[in-house]
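Trainee: The primary structure of each chain is shown beneath.
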Amino acid sequence: GAGVSQSPRYKVAKRGQDVALRCDPISGHVSLFWYQQALGQGPEFLTYFQNEAQLDKSGLPSDRFFAERPEGSVSTLKIQRTQQEDSAVYLCASSLAQGATGNTIYFGEGSWLTVV
Amino acid sequence: AQSVTQLGSHVSVSEGALVLLRCNYSSSVPPYLFWYVQYPNQGLQLLLKYTTGATLVKGINGFEAEFKKSETSFHLTKPSAHMSDAAEYFCAVRASSNTGKLIFGQGTTLQVKP
Chain Z
2 GAGVSQSPRY
12 KVAKRGQDVA
22 LRCDPISGHV
32 SLFWYQQALG
42 QGPEFLTYFQ
52 NEAQLDKSGL
62 PSDRFFAERP
72 EGSVSTLKIQ
82 RTQQEDSAVY
92 LCASSLAQGA
102 TGNTIYFGEG
112 SWLTVV
Chain W
268 AQSVTQLGSH
278 VSVSEGALVL
288 LRCNYSSSVP
298 PYLFWYVQYP
308 NQGLQLLLKY
318 TTGATLVKGI
328 NGFEAEFKKS
338 ETSFHLTKPS
348 AHMSDAAEYF
358 CAVRASSNTG
368 KLIFGQGTTL
378 QVKP
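Order-wise, the sequence lines are chains Z and W. Going left to right, the first sequence walks through residues 2 to 117 as the numbering used here numbers them. Going left to right, the second sequence walks through residues 268 to 381 as the numbering used here numbers them.
Please keep in mind that the hints were generated in silico from the structure rather than gathered at the bench. Please read all numbers here as calculations on a predicted model, not as lab measurements. Hints are not guaranteed to be accurate.
Said to hold, decoys possible - Rough simulated footprint, nothing fancy, chain W against chain Z, three-plus residues with beta-carbon under 8 Å: (1) 45-58; (2) 105-117.
What the hints assert, rightly or not - Non-contacting residues of chain Z with respect to chain W, defined by C-beta distances greater than 10 Å in every case (computed): (3) Asp25; (4) Gly41; (5) Asp64; (6) Gly73; (7) Val75; (8) Lys79; (9) Ser96.
Idealized CB from N, CA, C, for every residue including glycine.
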């Protein structure tokens, strides 16, 4: 597609429920990022993939958060046993090149998660 | 460690007035700096970026920013505000020389009054 596509756009989960958020990056993009954006805050880094390899997961807040990109394209962010503090917008982003080349990072519109 | 500070969580200007959004950074690697804009219920859109070379960077929609190493600043300006500029603006710095992940500031909400 022309841009980074995320689904679902909106998700309401009951506390304790598992959720899965999908990201389709721009075709051919090597780098993929997940960010979490709480209401009124800037995005915070969660994890980074270079093709299918998860090279940095230092931002994942707990072991309830898990991300994968098995074939180096589509990625899924999974949150197990959701808690109210998980309510946020989850942004996926991709970039053509690997590493810190300064290439533009393109963001999707986000998946809005509300845990009730 | 890298960090970004955006001075002023809310900025209000009149239509046609100068827009100035402030950003200061700290970085232990050569800084790559970015400004993104976020409209309500939308993702982030890149306005402009500085990597190397000319320190005055021009972006989309008439915005520009100047990298000042001595002041560790990357302030965003636009000579004349339009109503359509009302949005949330985020400054970001490259956090890693390996992955290119970004560290964002808290954001500045720009209000444009008619």
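Trainee: Decide, hint by hint, whether the structure agrees.
Mentor: Results of checking the hints against the structure:
no.	hint	verdict
1	45-58	holds (count 6)
2	105-117	holds (count 7)
3	Asp25	holds (13 Å)
4	Gly41	violated (8 Å)
5	Asp64	holds (20 Å)
6	Gly73	holds (16 Å)
7	Val75	holds (17 Å)
8	Lys79	holds (20 Å)
9	Ser96	violated (7 Å)
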